[in-house]
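Protein chains: 2
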Amino acid sequence: MNENRNATELVQRLRAKQLINESRILTSLSDRASYAYDASFGHHIPEVVIQPTATEEVSEIVTLANELHVPVYPRGQGTSLSGGPIPVYGGVVLDFSQWDDRLEIYPDDMIAVVSPGVITGHIDEAAKAFSMMYPPDPSSMNVSTIGGNLAENAGGPRGLKYGVTKDYVLGLEIVTANGDIIRTGGQTVKNVTGYDLTKLIVGSEGTLAVITEATLKLVPRPKANKTMLVLFDDLIDSGKAISAILREGITPSKLEIMDQASIKAVEAYQPTGLPIDVEALLLIEIDGHPLAIEEEAEQVRGCCLKNGAREVQIAKSAEEASKFWQARKLVSPAIVQVKPTKISEDATVPRSKIPEMFRILKEIKNANNIDLVVFGHAGDGNLHPNIIADVRDEEEMKRVEKAVGEIFEAAIELGGTLSGEHGIGTMKAPFMEMELGAKGLAMMKTVKESFDPNNILNPGKIFPEKGQKLVLRDG
Amino acid sequence: MNENRNATELVQRLRAKQLINESRILTSLSDRASYAYDASFGHHIPEVVIQPTATEEVSEIVTLANELHVPVYPRGQGTSLSGGPIPVYGGVVLDFSQWDDRLEIYPDDMIAVVSPGVITGHIDEAAKAFSMMYPPDPSSMNVSTIGGNLAENAGGPRGLKYGVTKDYVLGLEIVTANGDIIRTGGQTVKNVTGYDLTKLIVGSEGTLAVITEATLKLVPRPKANKTMLVLFDDLIDSGKAISAILREGITPSKLEIMDQASIKAVEAYQPTGLPIDVEALLLIEIDGHPLAIEEEAEQVRGCCLKNGAREVQIAKSAEEASKFWQARKLVSPAIVQVKPTKISEDATVPRSKIPEMFRILKEIKNANNIDLVVFGHAGDGNLHPNIIADVRDEEEMKRVEKAVGEIFEAAIELGGTLSGEHGIGTMKAPFMEMELGAKGLAMMKTVKESFDPNNILNPGKIFPEKGQKLVLRDG
Numbered sequence: 001m002n003e004n005r006n007a008t009e010l011v012q013r014l015r016a017k018q019l020i021n022e023s024r025i026l027t028s029l030s031d032r033a034s035y036a037y038d039a040s041f042g043h044h045i046p047e048v049v050i051q052p053t054a055t056e057e058v059s060e061i062v063t064l065a066n067e068l069h070v071p072v073y074p075r076g077q078g079t080s081l082s083g084g085p086i087p088v089y090g091g092v093v094l095d096f097s098q099w100d101d102r103l104e105i106y107p108d109d110m111i112a113v114v115s116p117g118v119i120t121g122h123i124d125e126a127a128k129a130f131s132m133m134y135p136p137d138p139s140s141m142n143v144s145t146i147g148g149n150l151a152e153n154a155g156g157p158r159g160l161k162y163g164v165t166k167d168y169v170l171g172l173e174i175v176t177a178n179g180d181i182i183r184t185g186g187q188t189v190k191n192v193t194g195y196d197l198t199k200l201i202v203g204s205e206g207t208l209a210v211i212t213e214a215t216l217k218l219v220p221r222p223k224a225n226k227t228m229l230v231l232f233d234d235l236i237d238s239g240k241a242i243s244a245i246l247r248e249g250i251t252p253s254k255l256e257i258m259d260q261a262s263i264k265a266v267e268a269y270q271p272t273g274l275p276i277d278v279e280a281l282l283l284i285e286i287d288g289h290p291l292a293i294e295e296e297a298e299q300v301r302g303c304c305l306k307n308g309a310r311e312v313q314i315a316k317s318a319e320e321a322s323k324f325w326q327a328r329k330l331v332s333p334a335i336v337q338v339k340p341t342k343i344s345e346d347a348t349v350p351r352s353k354i355p356e357m358f359r360i361l362k363e364i365k366n367a368n369n370i371d372l373v374v375f376g377h378a379g380d381g382n383l384h385p386n387i388i389a390d391v392r393d394e395e396e397m398k399r400v401e402k403a404v405g406e407i408f409e410a411a412i413e414l415g416g417t418l419s420g421e422h423g424i425g426t427m428k429a430p431f432m433e434m435e436l437g438a439k440g441l442a443m444m445k446t447v448k449e450s451f452d453p454n455n456i457l458n459p460g461k462i463f464p465e466k467g468q469k470l471v472l473r474d475g
Numbered sequence: 001m002n003e004n005r006n007a008t009e010l011v012q013r014l015r016a017k018q019l020i021n022e023s024r025i026l027t028s029l030s031d032r033a034s035y036a037y038d039a040s041f042g043h044h045i046p047e048v049v050i051q052p053t054a055t056e057e058v059s060e061i062v063t064l065a066n067e068l069h070v071p072v073y074p075r076g077q078g079t080s081l082s083g084g085p086i087p088v089y090g091g092v093v094l095d096f097s098q099w100d101d102r103l104e105i106y107p108d109d110m111i112a113v114v115s116p117g118v119i120t121g122h123i124d125e126a127a128k129a130f131s132m133m134y135p136p137d138p139s140s141m142n143v144s145t146i147g148g149n150l151a152e153n154a155g156g157p158r159g160l161k162y163g164v165t166k167d168y169v170l171g172l173e174i175v176t177a178n179g180d181i182i183r184t185g186g187q188t189v190k191n192v193t194g195y196d197l198t199k200l201i202v203g204s205e206g207t208l209a210v211i212t213e214a215t216l217k218l219v220p221r222p223k224a225n226k227t228m229l230v231l232f233d234d235l236i237d238s239g240k241a242i243s244a245i246l247r248e249g250i251t252p253s254k255l256e257i258m259d260q261a262s263i264k265a266v267e268a269y270q271p272t273g274l275p276i277d278v279e280a281l282l283l284i285e286i287d288g289h290p291l292a293i294e295e296e297a298e299q300v301r302g303c304c305l306k307n308g309a310r311e312v313q314i315a316k317s318a319e320e321a322s323k324f325w326q327a328r329k330l331v332s333p334a335i336v337q338v339k340p341t342k343i344s345e346d347a348t349v350p351r352s353k354i355p356e357m358f359r360i361l362k363e364i365k366n367a368n369n370i371d372l373v374v375f376g377h378a379g380d381g382n383l384h385p386n387i388i389a390d391v392r393d394e395e396e397m398k399r400v401e402k403a404v405g406e407i408f409e410a411a412i413e414l415g416g417t418l419s420g421e422h423g424i425g426t427m428k429a430p431f432m433e434m435e436l437g438a439k440g441l442a443m444m445k446t447v448k449e450s451f452d453p454n455n456i457l458n459p460g461k462i463f464p465e466k467g468q469k470l471v472l473r474d475g
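As you go down the protein sequences, you meet chains Y and W in turn. Those letters in the first sequence? Residues 1 to 475, by UniProt numbering. Those letters in the second sequence? Residues 1 to 475, by UniProt numbering.
This is chain Y alone, in the form it adopts within the complex (with noise of 0.2 Å):
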């Protein structure tokens, strides 16, 4: 197919249809330039960016796109950490940041209906004047969409105890690849009519359909929390100390691990008094009816002690809370202070294998003489190893790539998966087979064709180009 014409003809006939304000419709390269990058590697300019604010504006784009054969490629705010928005082979870009017109709570059913480029975190803040929350919340909440977190069915440090995007999920309004708009699912918990495409969709990268609203379950919001701050001199020790804690039978809200490397990164940047000696340190949130989290404070401070914990603080104020979690939110700034190019990974391990893992990255940092920091979730085991680099430093650069194949090598090995929460995209398609075998990467090949025969949403994703090697220098 000729994409540049093709894209030049749906244009044309989308003007016609006087449909779009022309505001909306962006071509110029200046403004499309824009669109090219999202938060990880790559560089594709779009043909065009059209701003939809409609479900029949996406419809009739769509439906002349799927007769066109011109790619069709949605995007929330690009804070993608896998290639998701990219529009790998031009055609179009659906920009949803500008439809954020529905954000409504129905505090009596617990649920909220919300446009595909409302900010996630305003789902949250809107939820909470009704004493209710929307849990996931991914690192990025407070700047992309809940279309895009949809689309790559976002985690973040509440999944260990409140699952992710997907669990929050009731209903979809889609447009598909030949334009159709179709509910999926409804506003109920319990829904077994038929099968479920909701579930489908949410986490499929925009290569099934394109979603246009969602309904989302909202939950009570808890009366209070606390924060802790655990320090170990040992990190096989914290991995020990987790499994204490949820033996327990307690399940905290957060659960973050920080190791030694991530610790000197933060206090070269910005001393918070963190002791750089210590090989890792949890910080964990738990969060209830308030007489059950103090009870429950001790018993965590119990399940430390006797793993090995050098020292348990617990947070005496919100501000102390806060103080705590400062050093989590640092470690990627500071990270990139020590060279520019930083690679998030998020390969997950079953929880009981998170030492082990920790081992292996060690090795492999070692053999490949890289600059390696390792935080993340701890309690659900969905680490993020991240690899600092320079991008202008090709020798560097295949050592990463070298190192980042490995890395899912261990997380598979160890039963894992490549991908916790970031998605597949580009960055992770050439080792899906690795994980899913020919047969289970065939299964899903079979599903993208059926809803999608013509190749027009988000071509390039999740789905490895033959012979495909990660690549992580720019192109």
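Because the hints were derived from the structure by calculation, they are not lab data. Owing to the predicted nature of the structure, the values given are computational and were not obtained by experimental measurement. All residues carry an ideal CB built from backbone N, CA and C; glycine is no exception. Just so you know, not all the hints are guaranteed correct.
Here chain W is said to cover these stretches of chain Y; the calculated rule only asks that three of the stretch's residues, wherever they fall, bring their Cβ under 8 Å from a Cβ of chain W [said to hold, decoys possible]:
#1 99–110
#2 184–191
#3 432–440
Computed list of chain Y residues with no C-beta within reach of chain W, every gap over 10 Å [stated by the list, open to error]:
#4 Ser30
#5 Glu125
#6 Ala129
#7 Lys166
#8 Asp180
#9 Asp237
#10 Pro275
#11 Ala292
#12 Ser322
#13 Arg351
#14 Gly405
#15 Asn454
Here are the simulated EDC-like pairs of lysine to aspartate or glutamate, each with C-alpha atoms no more than 16 Å apart in a straight line [stated by the list, open to error]:
#16 W:Lys445 <-> Y:Glu449
#17 W:Lys240 <-> Y:Glu465
#18 Y:Lys128 <-> W:Glu248
#19 Y:Lys445 <-> W:Glu449
#20 Y:Lys445 <-> Y:Glu465
#21 W:Lys306 <-> W:Asp237
#22 W:Lys342 <-> W:Asp390
#23 W:Lys362 <-> W:Glu409
Given chain Y, work out where chain W should sit, using these hints.
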């Protein structure tokens, strides 16, 4: 296709391979006749029943069935209320009830790995030994198999707080329509590697693949619980009380309702001392930390009294609690004393619409002159309108069929769904388009065709045949 001849050939070829012990291939009419039914309506004798106990056996059978175009009907203990395992086109019944050899708990990963024939209640019991819980609790849990629960995405009273079967499935081993053995998902709570085939297959009623193993998520077992019995003179008030409890930030682990007709039936059958002049009673269980539920029980009491409850009783002991629950358990046996035929529905509405649904159900009952009792999981809108009739009375059954259609229409009009937890099967297939629309249903059909092009997996379920109508008379 000539099913009969093909099924015979399938058995011959299978025997030639000497893979499956002859004692597990049932061909006599007396053996096969027991597989013609489930707990709903309809009666179809299969050509052969095979009792596999290994994945390779299932793979071999399905491979042959696909080649010979023989329908394959997976079956657990046959407790389905929607016709799930009925072999409507004859062929092979795969009886999984003998395959229960694997029930392993991995406490550090908080997961269980199970064979398809394991009784669901046994999983929760095994978890209990590690102070953990497998929450899904369909009322059949002490009889039904996990394989059947997975196929139908079974729910139960605990759904309000803990969700349904699907929320606890991390990974599956499946056999596809062409006999391939595939693993979906994994062992981690967070996993966004490719499409979520796991959640697509759970609840697909055996029409997309045959489940041969599952990895289930466990949660910490709550340390304490408390049961309350609340009487209401006015049904509408009970709905208001439910909203008030949830708005208070309390999510009960169970929140069941019984209407006056249910109470009367129970008291006529086995008097438990309930007043028969109340319009509704709520049975509420809260669970969690002992200190928290002590306070929450008083809050629940306050919510109920403020909203017109006549009386609130809080069980003082486990014995008293189980006495309270006894009434709820007696509803089903009690109502079949009135008339022999019970049509158990599970139409589900948004929580705020429960009072309105009750009003409409009363109208439907009067307009059609039928015996209707309503009970169920009020907390999540999943009511169980049960019609009692006599299947030998053809005139009455026609009125019942009309009433059932009206119940479905009402649920959908109120923003609800045909089925909250029983599945579609044969029973609700004629109503699918009413809820999903032609395009929504067509999209599901596309999925079915891509997974099972020869339509051998549980054919005759979910998708309506041309012109199919609800018929509750035997056939």
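Hint by hint, here is what the structure shows:
With 5 residues having a Cβ less than 8 Å from any Cβ of chain W, the region 99–110 of chain Y passes the three-residue criterion, so the hint holds. Requiring three or more residues with a Cβ within less than 8 Å of a Cβ of chain W, the coverage given for the region 184–191 of chain Y holds, as 7 such residues are present. Remark: the region 432–440 of chain Y is confirmed as covered by chain W, as 6 of its residues place a Cβ nearer than 8 Å to a Cβ of that chain, reaching the required three. Distance check for Ser30 (chain Y) against chain W: the nearest CB is about 34 Å away, which clears 10 Å, and the non-interface claim stands.
Non-interface status of Glu125 (chain Y) relative to chain W is upheld: no Cβ of that chain comes within 10 Å, the nearest being about 17 Å off. At the 10 Å boundary, the C-beta of Ala129 (chain Y) stays outside the reach of chain W, the nearest C-beta of that chain being 12 Å off. With a least CB separation of 7 Å from chain W, Lys166 (chain Y) falls inside the 10 Å interface cut-off, contrary to its annotation. Distance to chain W contradicts Asp180 (chain Y) as a non-interface residue, since its nearest Cβ pair spans about 5 Å, not more than 10 Å.
The claim that Asp237 (chain Y) is not at the interface with chain W holds, since no C-beta of that chain comes within 10 Å of its own (minimum 15 Å). The non-interface label for Pro275 (chain Y) is consistent with chain W: the shortest C-beta to C-beta separation is roughly 29 Å, beyond 10 Å. With a minimum CB-CB distance of about 3 Å to chain W, Ala292 (chain Y) fails to clear the 10 Å threshold, and the non-interface call is violated. Every Cβ of chain W is farther than 10 Å from the Cβ of Ser322 (chain Y); the closest lies at roughly 23 Å, confirming the non-interface assignment.
At the 10 Å boundary, the C-beta of Arg351 (chain Y) falls inside the reach of chain W, the nearest C-beta of that chain being 5 Å off. Remark: the non-interface label on Gly405 (chain Y) is consistent with the geometry, its nearest Cβ contact in chain W lying 15 Å away (cut-off 10 Å). With a closest Cβ-Cβ approach of about 14 Å to chain W, Asn454 (chain Y) is found to remain outside the 10 Å limit, as its non-interface label requires. Using a Cα cut-off of 16 Å, the hinted pair Lys445 (chain W) and Glu449 (chain Y) holds, with the two alpha carbons roughly 14 Å apart.
With a CA separation close to 56 Å, the supplied pair Lys240 (chain W) and Glu465 (chain Y) exceeds the 16 Å bound. Of the pairs offered as hints, the one joining Lys128 (chain Y) and Glu248 (chain W) holds, with about 13 Å between alpha carbons and a cut-off of 16 Å not exceeded. Of the supplied pair hints, the one linking Lys445 (chain Y) and Glu449 (chain W) holds, its CA atoms being roughly 14 Å apart against a limit of 16 Å. At most 16 Å may separate the alpha-carbon atoms for a hinted pair to count; Lys445 (chain Y) and Glu465 (chain Y) meet this at roughly 12 Å.
Our distance criterion of 16 Å between C-alpha atoms is met by Lys306 (chain W) and Asp237 (chain W), whose separation comes to about 10 Å. Between Lys342 (chain W) and Asp390 (chain W) the CA atoms are separated by roughly 8 Å; this keeps the pair inside 16 Å, and the hint holds. A hinted pair counts as satisfied when its Cα atoms are at most 16 Å apart, and Lys362 (chain W) with Glu409 (chain W) qualifies at roughly 14 Å.
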